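Use the sequences and the hints to build the structure in full.
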Amino acid sequence: MTLLSTRGLSKHFDGLKAVTDVDFDLEEGEVRALIGPNGAGKTTLVGMICGRIPPSSGSVQFDGADITALPAHKRILRGMAYTFQITSVFARLPAAENVALAARRRLQGDAVEAAVDDALSRVGLRDRRDEEAGNLSYGHQRLLEIAMGLVQRPRLLILDEPTQGLADSEIDAFKALIRELSAETTILLIEHNMSVVMETADRVTVLNFGEVLAEGTPQEIHENDAVQAAYLGTG
Amino acid sequence: MELGPYILLASLEGAVTAAVLALTAVGLSLVFGVMRVVNIAHGEFFMLGAVIAWFVAQTVGGHPALGFVAALVIAPLVVGVIAAAADMTILKRIDYDPERTIVATIGLLYIIQQLTLMTYGPEARPVEAPFNQRLALPWFEWGEEGFEFYFPWGLSTTTYKLAVIGAAGVVLVGVWLMMARTRIGLLMRATQADRDMALAFGIPVERVYALVFGIGAALAALAAVLIVPIQQAHYLMGADPLLLSFIVVIIGGLGSLPGTVVAAIFIGLSDGIISVFFSPTLAKILATLLVGLVLVFRPQGLFGTRSS
Amino acid sequence: MSATAKSLILHLGLLAVLFALQFVLPAYHHGNLARIMVLASYAVGYNILFGYTGLLSLGHALFFAAGMYGMGLTIQHAGFTPAPALIVGILAGAVVAAGLALLALRTTGVAFLIVTLMFAQAGYLTILYFGEYTRGDEGFVIQAFDRMLWGIDLSNPENRYFAAWGLFAVCLLICLRLVRSPFGKTLVAIRENEERVRMLGYNTFAHKLGAMVISGTISAAAGAFYGLLFGYAGASFAGVQYSIFPLLWVLLGGAGTVLGPFVGTLFMFYLIDLSSGITTAYLLIVGVALVLLTLFAPQGLTGELRRRVWGWLP
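Residue numbers (our numbering), protein chains in the order written: chain A, 44 to 278; chain B, -3 to 304; chain P, 8 to 321.
If you're looking for bench data, these hints aren't it; they were derived computationally from the structure. All values reported here derive from a predicted model rather than from experimental measurement. Among these hints, one or two may not hold up.
[What the hints assert, rightly or not] So, partial list: chain P residues that the calculated Cβ filter (under 10 Å) puts toward chain A:
{"no.": "1", "residue": "ALA90"}
{"no.": "2", "residue": "ILE94"}
{"no.": "3", "residue": "GLU199"}
{"no.": "4", "residue": "ASN200"}
{"no.": "5", "residue": "GLU202"}
{"no.": "6", "residue": "VAL204"}
{"no.": "7", "residue": "ARG205"}
{"no.": "8", "residue": "LEU207"}
{"no.": "9", "residue": "TYR209"}
[As the list claims (entries may be wrong)] Coverage of chain A stretches by chain P, computed from C-beta distances (three or more under 8 Å per stretch; other residues unrestricted):
{"no.": "10", "region": "120 to 130"}
{"no.": "11", "region": "145 to 158"}
{"no.": "12", "region": "211 to 219"}
[What the hints assert, rightly or not] Just the calculated beta-carbon pair ranges, DEER-fashion:
{"no.": "13", "chain 1": "A", "residue 1": "PRO137", "chain 2": "P", "residue 2": "LEU19", "range": "20 to 30 Å"}
{"no.": "14", "chain 1": "P", "residue 1": "LEU110", "chain 2": "A", "residue 2": "ALA219", "range": "29 to 39 Å"}
{"no.": "15", "chain 1": "P", "residue 1": "TYR136", "chain 2": "B", "residue 2": "SER152", "range": "30 to 40 Å"}
Just so it is clear, CB atoms sit at the ideal spot from N, CA and C, and this is done for glycine as well.
Structural data, given as structure tokens:
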């Protein structure tokens, strides 16, 4: 079943075409990587999908309904979760409260605590639950972001460059986490790190100059000449 | 007096208001534009200018023109220095955080106002104008015998009021020249455009800020010196210029100098003419509501264009 | 002992002490404390918007005055008794707060502050404009015989103290309950990072609207009680100074703490009271306090206490 699809999605900023005419389909249960050179429009495209950026034209369908006109918070309630590219945790609140804020959208009372502890355990931050988020290391803050995403039990988890700035050991743990999560949710992953893409994604979409350049399995993308020229060659 | 001449008179009075208001508001706008902070104490710098003008005029004595000219130089200088000092001791320390700056300048407002009350006292005191000839104005009409003109009783202005309008115009051109043509203006514009970039290029941003804050306050003080022969100096006189400057700066588009001047002329003139038809309280109610609604629905100002 | 238990003991303890003080305080301080508790209730209302939601308003005098005049005008001109008049005042505050919120919440930061300031100023001028009914700056006295609430004479100091204590207790407990609720915790998160809260699926506009209505309603209740207990309504309570006072009290006591508003109001009241022996320019003290707080103690007294000693303070 198709969980998410866009048709003719475009965004122009003062005549600058950030995203042009993107038709994009995501099957339920898939792990999809979205790659492309800097400025290719990845974050803009995802922003339009989750409602942070209003599109100039085109439509977004989620779970069989047209959500183009819905504000961001209603899209989230329909089962999307979005983690920010720039770490955006609540720095002055405890780690547990960060996750609890995300959990309280669907749970109440004691169930919140249980879900929070579960989410923190899965990313390995259980023993740091009472620390202020701002005092956590950068890598831990990225993990906290992911915990905030997965505690929502989303149907679609959107991760915007989750491994940026992580150490190699942390990246390995992250890959394992994604493989584990892929059993229970659909994942859209904006990613620069090719090893993460190759090892976790079922399919890859390549964006270049705001347009879809290619789409296929990691292997196909790896062997695609146009992608090599546009992206991998310069990467 | 008939309506026609009455409106001419109201417009002339309005033009004086507009001239003084333009100077005061450009000071506020400059500070907001370059430093991105709102100075609530701006009206008190205006008041301080008027009060210092009175002190200077008292001290100098002799022909009124001597004291006035001295005040014209000394009051803006002193006020500018006080403001720059406040910038360096207070605003710089809170890193120009917009909301904390507002709280701090509210504090500054009370400090300046109450210290003035304690030293200068609660009286309103005049400063004599350097010159003040009365000019009767003619009014034209198509009468029974064709075109005729006469001097309606009460339709007059003074040389001093015309001079205020002229002086404000000269100062405004001066400010524009400073911003557009001088090195310091270039530094200010660079700081306004991008503070971090300016820092990276070695512009002494902190000194630029202190200077801008000083110049902004000095403009308010200068406006006050110009108006004090017409209006008298009083420790509570800062409230109205602050409110009107706010209105002007917001309607003109925050931080835009040309917009500010256009809005000052618009508000100054309409203030004179509106008060012919409405009670001053009602006019003020409408003006404050207008400002609120402009900020809500057209934050770029009535004359500005939207920029992202 | 858990943080919840500690905080409950602390706040109920404060209320118990305030209740007991009425039997021991000399008349002068007895009267002061009644006034402080009503003003502190106003500050508690202000703190919900400023301290917990992070929205700096310079227009709360509009809500305070809506309560005061909603109560006073209905007694004065419509012949209401105090109980329905208080309800009118409180409802007036809620309606005005909702109306202003719908406009002002379309803006953020400094613009929000100026919009609230402008509308409050328009409200103040409107009170002056309808001087025929409101008696403008001069204000009007609510006679003692109009201040009988359920047979209790509120012009009597003992009853007045008890009513002020009751109002403060209700406001404090509402605030305590609010900040422990999911709604209150979401408000704090909005203060910290609104965009992130939105992307967790919360309607942040609705939350801020709710915060402003609760804040305005509490402020209006304080205004209505102030007018009724002290028998006077005047335009100065709608002026910009009465918007700045709760900001000052909350900053001094500690924004975003439940106790802060009371601590700040108490300190500032006695600071001004003591200094009035030295100078009539008490606003100078206000000014100096504002500058020093911004510079050296942005967390306020209770905030510093929480940071250094009692981490569990709500």
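Verification of the supplied hints:
Taking 10 Å as the C-beta contact cut-off toward chain A, the hint placing P/ALA90 at the interface is violated, the least distance being around 36 Å. At its closest, the beta carbon of P/ILE94 sits 32 Å from a beta carbon of chain A; the interface hint therefore is violated under the 10 Å criterion. For P/GLU199, the interface hint holds, since its Cβ comes within 10 Å of a Cβ in chain A; the closest pair sits about 5 Å apart. Interface hint status for P/ASN200: upheld, as the beta-carbon distance to the closest one in chain A is roughly 6 Å, under 10 Å.
Hint on P/GLU202 holds. Least Cβ distance to chain A is approximately 7 Å, under the 10 Å limit. Annotation: interface hint on P/VAL204 holds; nearest CB of chain A at approximately 7 Å, less than 10 Å. A least Cβ separation of about 6 Å between P/ARG205 and chain A falls short of the 10 Å threshold, and the interface hint therefore holds. Given hint, P/LEU207 at the interface with chain A, holds; its Cβ is 5 Å from that chain's nearest Cβ, closer than 10 Å.
Residue-level restraint check for P/TYR209 holds (minimum Cβ-Cβ distance to chain A is 6 Å; threshold 10 Å). Counting residues of the region 120 to 130 of chain A whose C-beta lies closer than 8 Å to any C-beta of chain P gives 3; at least three are required, and the coverage claim holds. Only residues whose C-beta sits within less than 8 Å of a C-beta in chain P count toward coverage, and the region 145 to 158 of chain A has 4 of them, enough to reach three; the restraint holds. A count of 0 residues in the region 211 to 219 of chain A with a Cβ less than 8 Å from any Cβ of chain P is obtained; the coverage claim is therefore unmet, three being the minimum.
In this structure the hint that A/PRO137 and P/LEU19 lie 20 to 30 Å apart at CB holds, the actual value being about 25 Å. Our hint of 29 to 39 Å for P/LEU110 and A/ALA219 is violated, since their Cβ atoms are close to 51 Å apart. About 32 Å separates the C-beta atoms of P/TYR136 and B/SER152, a value consistent with the hinted range of 30 to 40 Å.
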